[in-house]
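S.K.: Top to bottom, those sequences are chains A and B.
Residues in the first sequence are numbered consecutively from 2, following our numbering.
Residues in the second sequence are numbered consecutively from 2, following our numbering.
The set of hints was computed from the structure by calculation and includes no laboratory data.
Treat each hint with caution, since some may be false.
Copies of the same chain look alike in the list, so a pair counts if it fits in one copy or across any two.
To be verified - The list that follows gives simulated cross-link-like pairs (lysine-lysine, DSS-like), each with its CA atoms no further than 27 angstroms apart:
{"id": "1", "residue 1": "K320", "residue 2": "K411"}
{"id": "2", "residue 1": "K81", "residue 2": "K59"}
{"id": "3", "residue 1": "K320", "residue 2": "K16"}
{"id": "4", "residue 1": "K442", "residue 2": "K409"}
{"id": "5", "residue 1": "K475", "residue 2": "K35"}
{"id": "6", "residue 1": "K442", "residue 2": "K16"}
{"id": "7", "residue 1": "K16", "residue 2": "K40"}
{"id": "8", "residue 1": "K373", "residue 2": "K409"}
{"id": "9", "residue 1": "K320", "residue 2": "K31"}
{"id": "10", "residue 1": "K35", "residue 2": "K211"}
{"id": "11", "residue 1": "K373", "residue 2": "K320"}
{"id": "12", "residue 1": "K320", "residue 2": "K416"}
{"id": "13", "residue 1": "K35", "residue 2": "K59"}
There are 2 protein chains.
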Amino acid sequence: MSVLQEISSNVRNMKQLEYAILARRVNQIKEGLKQGVRKPYKEIIDVSWGDPHRAGVKPLSFVRQVVTACIYPQLINSNKLPADVRQRAQRLLGECAGGSVGSSTATAGIPELVHRVSDFIMRRDGGAPSHPENIYMSSGAQWALTNILNVLVNREASTRTGVLTPGPCYSITNLSIMELGAVIVPYYLNEEQGWELQVEELHRALESAKGVCNPVALYVINPGNPSGHVQSRKSMQEVIRFVSEKRLFLLADEVYQDCVYGEKSEFVSYKRALMEMGPPLSDTVELASFHSASKGLMGECGLRGGYVELVNLDRAVMKYIHNLFSKDSCAPVLGQLALDLMLNPPQPGDPSYPLYNAEIQHIRSTLARNVKRACEVVNSLLGFYCQPVEGGAFAFPRVYLPPKAIQKAKEVGMKPDTFYCMRLLEETGLLVSPGSEYRQKEGTYHIRFCIITSEDIMEELLKRLSSFHTQFMKDFS
Amino acid sequence: MSVLQEISSNVRNMKQLEYAILARRVNQIKEGLKQGVRKPYKEIIDVSWGDPHRAGVKPLSFVRQVVTACIYPQLINSNKLPADVRQRAQRLLGECAGGSVGSSTATAGIPELVHRVSDFIMRRDGGAPSHPENIYMSSGAQWALTNILNVLVNREASTRTGVLTPGPCYSITNLSIMELGAVIVPYYLNEEQGWELQVEELHRALESAKGVCNPVALYVINPGNPSGHVQSRKSMQEVIRFVSEKRLFLLADEVYQDCVYGEKSEFVSYKRALMEMGPPLSDTVELASFHSASKGLMGECGLRGGYVELVNLDRAVMKYIHNLFSKDSCAPVLGQLALDLMLNPPQPGDPSYPLYNAEIQHIRSTLARNVKRACEVVNSLLGFYCQPVEGGAFAFPRVYLPPKAIQKAKEVGMKPDTFYCMRLLEETGLLVSPGSEYRQKEGTYHIRFCIITSEDIMEELLKRLSSFHTQFMKDFS
Chain A
2 MSVLQEISSN
12 VRNMKQLEYA
22 ILARRVNQIK
32 EGLKQGVRKP
42 YKEIIDVSWG
52 DPHRAGVKPL
62 SFVRQVVTAC
72 IYPQLINSNK
82 LPADVRQRAQ
92 RLLGECAGGS
102 VGSSTATAGI
112 PELVHRVSDF
122 IMRRDGGAPS
132 HPENIYMSSG
142 AQWALTNILN
152 VLVNREASTR
162 TGVLTPGPCY
172 SITNLSIMEL
182 GAVIVPYYLN
192 EEQGWELQVE
202 ELHRALESAK
212 GVCNPVALYV
222 INPGNPSGHV
232 QSRKSMQEVI
242 RFVSEKRLFL
252 LADEVYQDCV
262 YGEKSEFVSY
272 KRALMEMGPP
282 LSDTVELASF
292 HSASKGLMGE
302 CGLRGGYVEL
312 VNLDRAVMKY
322 IHNLFSKDSC
332 APVLGQLALD
342 LMLNPPQPGD
352 PSYPLYNAEI
362 QHIRSTLARN
372 VKRACEVVNS
382 LLGFYCQPVE
392 GGAFAFPRVY
402 LPPKAIQKAK
412 EVGMKPDTFY
422 CMRLLEETGL
432 LVSPGSEYRQ
442 KEGTYHIRFC
452 IITSEDIMEE
462 LLKRLSSFHT
472 QFMKDFS
Chain B
2 MSVLQEISSN
12 VRNMKQLEYA
22 ILARRVNQIK
32 EGLKQGVRKP
42 YKEIIDVSWG
52 DPHRAGVKPL
62 SFVRQVVTAC
72 IYPQLINSNK
82 LPADVRQRAQ
92 RLLGECAGGS
102 VGSSTATAGI
112 PELVHRVSDF
122 IMRRDGGAPS
132 HPENIYMSSG
142 AQWALTNILN
152 VLVNREASTR
162 TGVLTPGPCY
172 SITNLSIMEL
182 GAVIVPYYLN
192 EEQGWELQVE
202 ELHRALESAK
212 GVCNPVALYV
222 INPGNPSGHV
232 QSRKSMQEVI
242 RFVSEKRLFL
252 LADEVYQDCV
262 YGEKSEFVSY
272 KRALMEMGPP
282 LSDTVELASF
292 HSASKGLMGE
302 CGLRGGYVEL
312 VNLDRAVMKY
322 IHNLFSKDSC
332 APVLGQLALD
342 LMLNPPQPGD
352 PSYPLYNAEI
362 QHIRSTLARN
372 VKRACEVVNS
382 LLGFYCQPVE
392 GGAFAFPRVY
402 LPPKAIQKAK
412 EVGMKPDTFY
422 CMRLLEETGL
432 LVSPGSEYRQ
442 KEGTYHIRFC
452 IITSEDIMEE
462 LLKRLSSFHT
472 QFMKDFS
């Protein structure tokens with residue numbers, strides 16, 4: 002009586018993440034290490050996720066203190082916590098139903114917090130108006146993206162819906178598109194030009210969809226994951242003109258907006274770029290912009306907080322979106338709180354400011370150093386090349402695998418870069434993820450690793466990677 | 002360039018929750034009260050949700066203390082927290098990647114926690130085996146249900162997939178089924194028999210689906226929401242035989258398993274009932290059982306933690322389910338922790354036990370009293386009748402509305418029970434939800450209100466309801 006025959010092709014077609022092969026193995030190794038199995042390393046270093054705390058980054062004290070006082074309100078009256086922490090907690094609890102973070106919230110999130118998200122957006126975007134009724138808080142940005150995709154993907158049309166997505170692209174987005182039964186139309190970022198998004202490539206991709214599917218949306222990630230590229234305002238304006246001309250909905254994944262390292266790089270939101278272009282574009286281009294408490298310097302992935310802002314959407318469409326969010330109950334309250342604290346950090350003069358500022362500066366300088374070291378070391382290795390990492394959470398160097406290694410990978414039934422990552426894991430205990438997870442260009446191979454780590458972890462990572470890589474290249478030369 | 006024309010009928014057909022009309026109005030009233038608008042009440046009492054903290058129930062100290070220490074590990078070394086709290090926090094943090102609740106977790110949840118969920122299930126079910134690989138933690142039970150429905154609903158078959166759901170039924174489940182484009186096949190619980198689930202009615206419902214859809218699953222909620230009924234083992238055995246005979250997948254929503262009040266009522270899980278029936282049933286009936294940290298006596302809705310256990314599923318189906326959970330990143334870590342603490346509370350002899358036990362007993366005795374008082378008061382009112390509340394979080398009394406009230410509702414374009422609830426809200430500031438939200442039997446009207454409240458809130462609720470109802474019946478007699 003299995004339901005197996007009922008499963009429709011959208012679910013069948015969701016590919017297992019390439020990473021899952023490595024995840025299974027890493028669990029076995031961890032289990033082995035616990036049982037005393039001898040390995041040339043004592044601990045796994047897992048930098049395969051964009052997960053700062055996993056990689057040794059410390060949480061921000063201010064955020065943890067406020068959340069703590071909200072969970073355990075007795076602490077609001079203790080003098081162990083700074084006055085602004087206690088005031089903030091008091092205010093947030095006053096905004097929770099029944100004064101408890103254990104209560105559900107309205108579908109879009111706690112109303113006062115949603116208002117403050119819209120204030121943040123206006124500040125960020127030089128005053129361009131933002132309306133609370135266009136904002137939905139969610140359990141991470143990806144959850145919100147799935148709901149928006151749900152209104153874009155027509156499951157009944159004779160021609161399947163297409164979504165233009167970058168190559169390389171964050172793998173979970175591709176999974177979400179597949180789950181809805183839509184077609185991924187890849188446009189490739191230009192690796193040689195530092196993973197630039199080039200509008201000619203968008204035209205090519207759109208052309209390639211003819212006769213295959215009906216493209217309705219363009220998905221961009223800026224700063225890039227895994228590419229590390231930060232788009233220029235000019236490039237964004239070209240993209241906006243393109244989506245306007247081709248009548249595409251623009252999905253802007255901007256979760257790494259606080260993570261910009263390039264000296265000449267600057268994060269500009271798509272909302273801002275669009276508003277600066279004025280009418281008719283600013284009145285017509287349909288845009289969804291996503292942000293998250295998981296990313297950036299705070300890195301509270303485990304609390305699950307994100308939001309989407311919708312721009313220029315028809316009221317009827319907003320109603321459908323509301324219904325879709327309704328079915329998810331509400332976003333985790335502590336994720337909502339963490340997002341609020343991220344967008345409204347302590348200000349100079351506040352008791353918490355000196356510590357907050359010192360911690361943020363420490364993370365920033367660590368990241369600047371990590372990015373520099375990662376590129377230096379990787380680029381010093383034969384058969385490796387990393388484009389400048391201007392932003393985001395990852396380095397995504399290209400690895401030029403020797404033909405013998407590619408042959409060996411085929412023999413063991415793995416993709417060549419998965420084979421490389423598996424060997425790296427087995428021999429050094431270092432877990433990175435393979436480029437084949439991210440729809441890299443056919444015939445190229447990459448690895449992705451998180452650069453939002455502590456200095457120690459970064460040095461250990463580079464040490465393990467270097468010695469492994471040198472030996473690997475010898476073994477397969 | 003609106004995407005409006007792209008929206009497929011599954012999304013278009015998702016009805017706005019009936020409750021949304023009331024939710025909008027309640028926000029206006031709250032805003033008005035803030036601005037000094039005079040009303041015959043000072044505060045809204047919102048018992049329309051199954052949200053204990055919103056309704057004045059206090060969080061459990063043990064749960065909040067452990068979560069606090071996990072968020073702010075400095076507290077683990079403070080002697081302000083009981084020793085077992087600190088030990089528990091230490092252990093949980095050791096199970097989080099990087100020792101931080103800010104890290105993401107594996108798709109199914111933190112492995113050690115998933116193991117403990119399976120231990121809990123075995124203890125609960127008298128030793129019937131439970132395997133960690135069949136368990137997925139999720140951001141509330143509803144999220145897990147959507148993923149399971151996703152593998153059951155075939156979007157490509159010429160005949161649409163049907164799911165048998167109770168009338169009355171938790172409204173969000175109906176929304177999730179609609180979102181996937183499946184057909185709701187209602188089976189009605191027998192109100193006169195205390196909302197009993199009768200197997201003849203299942204046969205009738207299945208018969209009614211002929212030529213309309215292809216039913217693949219039966220969804221049950223036990224203890225009932227909103228019905229308050231607790232199923233007997235005998236009734237469950239009949240259901241199991243029915244799904245086996247009709248080759249239906251059994252979806253058992255058991256989130257209120259800790260909330261049983263009836264003197265003769267006992268919660269038995271479907272897993273246990275199934276295992277006790279032995280082969281071939283226990284080897285073949287496909288079952289998904291859901292539980293949640295939002296419900297029960299702890300009531301931490303805002304933390305968002307739940308799980309599903311899958312029984313007798315094909316390995317291939319489990320792979321698809323894994324992929325579906327993968328796309329959601331992971332369940333909120335603090336929700337996972339709360340679930341773990343709910344399933345593994347302090348034991349006699351632990352330093353936290355006396356306080357924990359006192360708090361739990363206080364909630365239990367409050368609930369017993371609330372249930373008694375709610376039924377007494379409601380049943381003393383003319384035109385109201387409430388079946389015994391044996392379990393769950395709600396009273397769901399039937400209200401016999403006078404024809405003039407029904408007429409008036411029609412005139413203002415509202416469903417009669419929504420009209421009743423709106424008047425109740427306007428005049429007394431008491432927010433309950435209308436039976437039309439839950440697919441009640443045609444021609445009957447009900448209201449639903451939460452009974453997991455503080456004693457004060459329950460008394461105030463009953464006072465407001467009584468005086469309003471008496472006047473309402475006079476006005477429309």
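S.K.: Does each hint hold? Answer for all of them.
M.R.: Quick rundown of the hints versus the structure:
Proximity of K320 and K411 under a CA criterion of 27 angstroms is satisfied inter-copy only: 24 angstroms between copies versus 50 angstroms inside one chain copy. Both within a single protomer and between protomers do K81 and K59 lie at most 27 angstroms apart by alpha-carbon distance, with minima of 20 angstroms and 24 angstroms respectively. Taking CA atoms no more than 27 angstroms apart as the test, K320 paired with K16 passes between copies only; the shortest distance there is 10 angstroms, against 32 angstroms inside one copy. Taking identical chains as interchangeable, the C-alpha atoms of K442 and K409 lie at most 27 angstroms apart only when both belong to the same chain, with a minimum of 21 angstroms there against 65 angstroms between chains.
Neither within a single protomer nor between protomers do K475 and K35 lie at most 27 angstroms apart by alpha-carbon distance, with minima of 32 angstroms and 73 angstroms respectively. In this homomeric assembly, K442 and K16 come within 27 angstroms of each other (Cα to Cα) only inside a single copy, at 18 angstroms, whereas the closest approach across copies is 43 angstroms. Taking the shortest Cα distances, K16 and K40 never come within 27 angstroms of each other, neither inside one copy (32 angstroms) nor across copies (57 angstroms). Neither within a single protomer nor between protomers do K373 and K409 lie at most 27 angstroms apart by alpha-carbon distance, with minima of 33 angstroms and 72 angstroms respectively.
For a Cα distance limit of 27 angstroms, the shortest separation of K320 from K31 across copies, 23 angstroms, qualifies, whereas the shortest one inside one copy, 47 angstroms, does not. Taking CA atoms no more than 27 angstroms apart as the test, K35 paired with K211 passes in neither setting, with 54 angstroms inside one copy and 56 angstroms between copies. With identical chains, the CA atoms of K373 and K320 are never at most 27 angstroms apart, being 47 angstroms at best within one copy and 40 angstroms at best between copies. Only between protomers do K320 and K416 lie at most 27 angstroms apart by alpha-carbon distance; the minimum there is 20 angstroms, versus 44 angstroms within a single protomer.
Taking CA atoms no more than 27 angstroms apart as the test, K35 paired with K59 passes inside one copy only; the shortest distance there is 25 angstroms, against 40 angstroms between copies.
Comparing the model with each numbered hint stated earlier shows that hints 5, 7, 8, 10 and 11 do not hold.
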